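Sequences listed follow chains A and B, in order. One rule links them: number in this note's numbering = place in the first sequence (from 1) + 125. One rule links them: number in this note's numbering = place in the second sequence (from 1) + 2.
Derived from the structure by calculation, the hints contain no laboratory data. Being a predicted model, the structure only gives us computed values, none of them experimental. Please note that a few of the clues may not be correct.
Pairs of lysine to aspartate or glutamate, EDC-like flavour, derived with a Cα cap of 16 Å [unchecked claim]:
| hint | chain 1 | residue 1 | chain 2 | residue 2 |
| --- | --- | --- | --- | --- |
| 1 | A | K298 | A | D317 |
| 2 | B | K209 | A | E181 |
| 3 | B | K18 | A | D307 |
| 4 | B | K15 | A | D258 |
| 5 | A | K264 | A | D246 |
| 6 | A | K289 | A | D258 |
| 7 | A | K202 | A | D171 |
| 8 | A | K328 | A | D266 |
| 9 | A | K328 | A | D134 |
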Amino acid sequence: MEILKSIEDALVKRSLNEVKELTQKALDQKISPEDILNKALIKGLDTIGKLYESQEIFVPELMLAGMAMKEALTLLKPHLEKSDVPPVGKMVIGTVAGDVHDVGKNIVSMVFTGSGFQVTDLGLDVAAERFVDAVEKEKPDVLALSCLYTPTRLAMKDVIQMLKQKKLRNKVKIIIGGAPIDQNFADLIGADGYAPDPPSGVKKVMGWLGK
Amino acid sequence: MLIIGEKINTSIKDVKEAVLVRNESLIENLAQNQKLGGADYLEVNSGLRVSPEEEAADLEWMVPLIQRATGLPLCIDTAHGLVLERALRLHHGKAIINSISGDIDRWKEILPVAKQFGCDLIALPSDRKGIPSTVTERIKVAERIIEGVAKEGIVASRLYFDPLVLPISSNTQNGLLFINTLKEIKRLFPEVRTVSGLSNISFGLPKRTLINQSFLVLSLEAGLDAAILNPMDKNLMALVHSTEAFLNKDPFCLRYIEAFRNGKLG
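Use the sequences and the hints to build the structure in full.
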């Protein structure tokens, strides 16, 4: 369908208004919201991720694409709810205790929301107990932990240990990220994985969820 | 401007390896080359450990090593009072501590050590609620810090305030927010000095050095007293010299001319 390709292209061009208008037009034409999501938007976002990885686009453009995606999802949401389509996945995200940096975390949150995830953002300086409570109540597929400040990365370990104590560790996948984080550290504290940037995080999580 | 060399930081891969295997010559070279580039202070950090004990041992190895190689005073980057105290016992001259913030709970172990060893302190106007998004809120935190450290017997002239720089890629207001906070700090608290790292501003953008250079020039004009940067970056250091000459901070342009003679202007 031509309009799906146009939506995909508009998203790849980060053209916010065009994505909105075309998504509405597609809905008016009675195209199924699942098709708009999977065959246009998710495909477009996948291309965006690749462009970011190859450094053809940069952070502000990644954020614009995330914003366009969010707008399109707002239009789709009432229709998707009617047809009982679940979100791609559920994520709880936050910056760990002692750390008040949320720039990176907010970008990750936006890109996951844009990818069709239902994201609960706990904010910054989030105590381990709050993460554990959220895992218990929200039952997310993925818990995403962020930090920028090196000494606070140990708070990630506290979260994982508390999840183990509450026998919740195997109920949720854990992805971590931030300037002082690497794969070694993820292995050391027993996280499921690490991602260096938002698009590769989406890719990794999608892999875990078999999508 | 006071130049604090940023390169001895374990978030840099070579440095991390060198600290892990105690490779003296790599650290010595890095220290000497930064001094050669024009560093007044050298930052030292070991963020690769899980326990403060191990972090302290890393610094006890690095502090005398760097000072023997350069004679420069150090800017010690740690969150733990214990690490700080053990590093300072071996340190000669007046160190700078990086850093304290408006989060008073975190001062408790840092301030007594700062006082005991007579250090200067870098202070960040952020608190447990985050990094304030307006000049006014940042100034409020700065006021609280000045009052708080005064109660502990540390005068404001020992503080270097970092106005806090966030990437312009995430919000294009962040550049002006930095400059305006810097000017307001200088206006309200003329006795404190100001400091900033240079590279945060350009995160997420191509050709980061260009953004960093614009940032350096405008910050100097707005009154920045010290910068944490890479002194081995010749272009950047040349820009420090030329901008200072332009801003009447270099009488008779002598430092600028001297830098030219020493081949430091590229």
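Proposed proximity, D258 (chain A) with K15 (chain B) (alpha carbon, max 16 Å): violated, 37 Å
Pairwise hint evaluation, D171 (chain A) against K202 (chain A), where the allowed Cα distance is 16 Å at most: Violated: K202 (chain A) and D171 (chain A) sit about 20 Å apart, past 16 Å.
Restraint status (C-alpha distance of K328 (chain A) to D134 (chain A) at most 16 Å): Roughly 20 Å separates the two Cα atoms, so the pair is violated.
Hinted pair K18 (chain B) and D307 (chain A), Cα distance within 16 Å: Since the Cα atoms of K18 (chain B) and D307 (chain A) sit roughly 13 Å apart, the hinted pair holds (cutoff 16 Å).
K289 (chain A) paired with D258 (chain A) [C-alpha distance capped at 16 Å]: holds, 13 Å
Given hint E181 (chain A) paired with K209 (chain B) - CA-CA distance at most 16 Å: Since the Cα atoms of K209 (chain B) and E181 (chain A) sit roughly 12 Å apart, the hinted pair holds (cutoff 16 Å).
Distance restraint between K328 (chain A) and D266 (chain A), which requires alpha-carbon spacing of 16 Å or less: Satisfied, since the Cα-Cα distance of roughly 14 Å is no more than 16 Å.
K264 (chain A) paired with D246 (chain A) [C-alpha distance capped at 16 Å]: Roughly 14 Å between the alpha carbons, so the hint for K264 (chain A) and D246 (chain A) holds.
Pair hint outcome, K298 (chain A) versus D317 (chain A) [Cα-Cα no greater than 16 Å]: holds, 6 Å
Of the numbered hints listed earlier, those contradicted by the structure are 4, 7, 9.
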